[in-house]
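Just so you know, the protein sequences line up as chains A and B, in that order. If you're matching positions, the first sequence starts at 1 in our numbering and goes up one per residue. If you're matching positions, the second sequence starts at 1 in our numbering and goes up one per residue.
If you are wondering where the hints come from, they were derived from the structure by calculation, not from laboratory data. No false leads were slipped in.
The list treats identical chains as one, so a pair stands whether inside a single copy or across any two.
Dumping the calculated DSS-like pairs for lysine-lysine here, alpha-carbon to alpha-carbon at most 27 Å:
1. Lys161 <-> Lys3
2. Lys200 <-> Lys180
3. Lys112 <-> Lys162
4. Lys301 <-> Lys182
5. Lys229 <-> Lys134
6. Lys161 <-> Lys142
7. Lys142 <-> Lys162
8. Lys264 <-> Lys200
9. Lys167 <-> Lys229
10. Lys301 <-> Lys180
11. Lys358 <-> Lys142
12. Lys229 <-> Lys142
13. Lys353 <-> Lys301
All values derive from a computational prediction rather than experimental measurement.
There are 2 protein chains.
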Amino acid sequence: MKKVLILGSTGSIGINTLNVIRNFPEDFEITALTVNTKIGLLEPQIHEFHPGTVVVKDEKLGMELKARIAGECNVLVGEQGLIDAAANLDYDIFVGAMVGFCGLAPTLEAIKRGKIIALANKETLVVAGELVTKLCRQYNAKLLPIDSEHSAIFQCLEGEKKDQVEKIILTASGGPFLNKTKSSLANVTVQEALNHPNWKMGAKITIDSASMMNKGLEIIEAYWLFGVKQEEIEVVIHPQSIIHSMVQYIDGSVKAQLGLPDMKLPIQYALTYPDRQANQFPRLDFAEIGNLTFFRPDFEKFECLMLAYNALTIGGTAPCIMNAANEIAVHKFLNGEIRFSHIPHIISTAMEKIENHKSPDIDAIFECDKETREFVMALS
Amino acid sequence: MKKVLILGSTGSIGINTLNVIRNFPEDFEITALTVNTKIGLLEPQIHEFHPGTVVVKDEKLGMELKARIAGECNVLVGEQGLIDAAANLDYDIFVGAMVGFCGLAPTLEAIKRGKIIALANKETLVVAGELVTKLCRQYNAKLLPIDSEHSAIFQCLEGEKKDQVEKIILTASGGPFLNKTKSSLANVTVQEALNHPNWKMGAKITIDSASMMNKGLEIIEAYWLFGVKQEEIEVVIHPQSIIHSMVQYIDGSVKAQLGLPDMKLPIQYALTYPDRQANQFPRLDFAEIGNLTFFRPDFEKFECLMLAYNALTIGGTAPCIMNAANEIAVHKFLNGEIRFSHIPHIISTAMEKIENHKSPDIDAIFECDKETREFVMALS
Numbered sequence: 001m002k003k004v005l006i007l008g009s010t011g012s013i014g015i016n017t018l019n020v021i022r023n024f025p026e027d028f029e030i031t032a033l034t035v036n037t038k039i040g041l042l043e044p045q046i047h048e049f050h051p052g053t054v055v056v057k058d059e060k061l062g063m064e065l066k067a068r069i070a071g072e073c074n075v076l077v078g079e080q081g082l083i084d085a086a087a088n089l090d091y092d093i094f095v096g097a098m099v100g101f102c103g104l105a106p107t108l109e110a111i112k113r114g115k116i117i118a119l120a121n122k123e124t125l126v127v128a129g130e131l132v133t134k135l136c137r138q139y140n141a142k143l144l145p146i147d148s149e150h151s152a153i154f155q156c157l158e159g160e161k162k163d164q165v166e167k168i169i170l171t172a173s174g175g176p177f178l179n180k181t182k183s184s185l186a187n188v189t190v191q192e193a194l195n196h197p198n199w200k201m202g203a204k205i206t207i208d209s210a211s212m213m214n215k216g217l218e219i220i221e222a223y224w225l226f227g228v229k230q231e232e233i234e235v236v237i238h239p240q241s242i243i244h245s246m247v248q249y250i251d252g253s254v255k256a257q258l259g260l261p262d263m264k265l266p267i268q269y270a271l272t273y274p275d276r277q278a279n280q281f282p283r284l285d286f287a288e289i290g291n292l293t294f295f296r297p298d299f300e301k302f303e304c305l306m307l308a309y310n311a312l313t314i315g316g317t318a319p320c321i322m323n324a325a326n327e328i329a330v331h332k333f334l335n336g337e338i339r340f341s342h343i344p345h346i347i348s349t350a351m352e353k354i355e356n357h358k359s360p361d362i363d364a365i366f367e368c369d370k371e372t373r374e375f376v377m378a379l380s
Numbered sequence: 001m002k003k004v005l006i007l008g009s010t011g012s013i014g015i016n017t018l019n020v021i022r023n024f025p026e027d028f029e030i031t032a033l034t035v036n037t038k039i040g041l042l043e044p045q046i047h048e049f050h051p052g053t054v055v056v057k058d059e060k061l062g063m064e065l066k067a068r069i070a071g072e073c074n075v076l077v078g079e080q081g082l083i084d085a086a087a088n089l090d091y092d093i094f095v096g097a098m099v100g101f102c103g104l105a106p107t108l109e110a111i112k113r114g115k116i117i118a119l120a121n122k123e124t125l126v127v128a129g130e131l132v133t134k135l136c137r138q139y140n141a142k143l144l145p146i147d148s149e150h151s152a153i154f155q156c157l158e159g160e161k162k163d164q165v166e167k168i169i170l171t172a173s174g175g176p177f178l179n180k181t182k183s184s185l186a187n188v189t190v191q192e193a194l195n196h197p198n199w200k201m202g203a204k205i206t207i208d209s210a211s212m213m214n215k216g217l218e219i220i221e222a223y224w225l226f227g228v229k230q231e232e233i234e235v236v237i238h239p240q241s242i243i244h245s246m247v248q249y250i251d252g253s254v255k256a257q258l259g260l261p262d263m264k265l266p267i268q269y270a271l272t273y274p275d276r277q278a279n280q281f282p283r284l285d286f287a288e289i290g291n292l293t294f295f296r297p298d299f300e301k302f303e304c305l306m307l308a309y310n311a312l313t314i315g316g317t318a319p320c321i322m323n324a325a326n327e328i329a330v331h332k333f334l335n336g337e338i339r340f341s342h343i344p345h346i347i348s349t350a351m352e353k354i355e356n357h358k359s360p361d362i363d364a365i366f367e368c369d370k371e372t373r374e375f376v377m378a379l380s
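Kindly produce the complete structure, drawing on both the sequences and the hints.
Now the structure itself:
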């Protein structure tokens, strides 16, 4: 029986993690669930999965929930509640399913306890990859990717030697704007940007997919997860999202992991690793699919992709600045404050204007994140 | 320094094996080369690779070569020469690169010495899979597939647990007649059948690809190599021959191995296993390839495919009968004695008429092979 803490149980990844766990009542129990604000969704999860503790980041909503569910489980609140849960509760697997940067502090607590870290929260590695991977080695914490691309790479690397990897090939659907011209991106609506062709995900990551910043974040994530050089990470557009990513070895052989676009598969793999468990998910039917296509990404149109490679080249806090600027820019776009095509310009401006720090510690990262957010929010 | 014996050094696989070995002069040396008849091709191989021994199956040609090369290396002749070489010489890796059934006896000698068996000769497993795999376990010989499909599956299984395999997906190019109608197969010429779209191979295997008996043989080969049930082996048509085969696991995840259609890749993998070695072979470029397609195989048109599944169902000597009948039928087709569409009818007739033996020993297999060949040669 593995004990699981889910950081962000009411988001897309959190819900799917519970969908997986529901199928294996003998194998998993829930130690804790945490949410930002959605106590309405959390309440039925409490009734079904009986966590000993829940955490609500919004303190007022947390107190409201506490009153409502009486003694059904322990309720912690606030950012400190998240950190306390990760630092003190009894669990085996920490599922980092929160959106954005705010998952970092509790994730570091889990790492320091040598837990299994099933990581969907890519920002954790983007902003603090050097620190996180160093701490994982130091505290013997095992980092298991939940992102479908990184799970694919992780699966392809099983049984292989890392020094025999030549290249990682990240596949990208290309999102809803794959076939739009660069100039027409200025006029796309929020609704169009939220209409992802293959994946049903949260709003932030869906917009990131439309701008291809999601792939940019994944490049940086892959860099830290797999210890490859940035020139060894290639992006190829694959609109069907069937090949989830590939690894090319020094002998020219390529291994790929394939599956239907369903996050339950990589989530289950991370939870049951190093084993696989039988399930009833629909299977691939290659004759039915018929056709898998591939294109080179258009770096001119999807500027965010190049910004990510640049952030890796600069290093230090550059990925943190890129990520924070992107979070605020996406927020502004979703609020109708800026055009879609403005997102990369905002990020680029932030990367130019904000001072970079080499090998930042956790405080420097938080400071840089805060500074960037304030800078971008103040941009008109 | 690994010592290598190549059974069949002047065929397509043998030549490619030497092409690979030429790139790694520090890692491999040639203990012995064997040929059926092509002493003209063998002679420069002797000068370049300096084997201690060569074997020529044709005794007269063997004596001719012996006279010609004087004392440059030891020359053995005849079927017994092949067996003696496998049984007595000092080598680490036995490369089974001969065409057809005649590779079995020397392969068994290598197995009984617990050697690494790099097997391109699929007939060995088709006719004697039960015996060969039993002996490999008994003598702790390691069987490494060289067939591109089976190498792909073998690579996909690295780091995975065999009891977590759900299905093996063998890809098939479909050969030159993929888009022909069934009725038009009666009139195809030898030249058309020899014109494979992707692979440059020997005549026998190229005809087998055109009839899809090659895939039929591979189904049986996969059955024995990977210990799966026959209903767990699926064939999918993939005309580009880029995905060399796939494995589906019990969680629905699929792993594939991909590469350009070049036998040097699986040969090198078998020779360097469990490591991979850097090489200068051309690499895949997915954007350049653009498109991978998949179709269900047409079992009505490619009757040989169904005959192979039937042979597995019947078991015993049925695969041996199927294989021997196919070898003679292909020979007759290449000689212009029968139509292409007659091949499956001949095999089917042999499978009906010749008595089946359960769990045959080596003598029963040789007897069945001989009986089938005589039966098919006598068919008009």
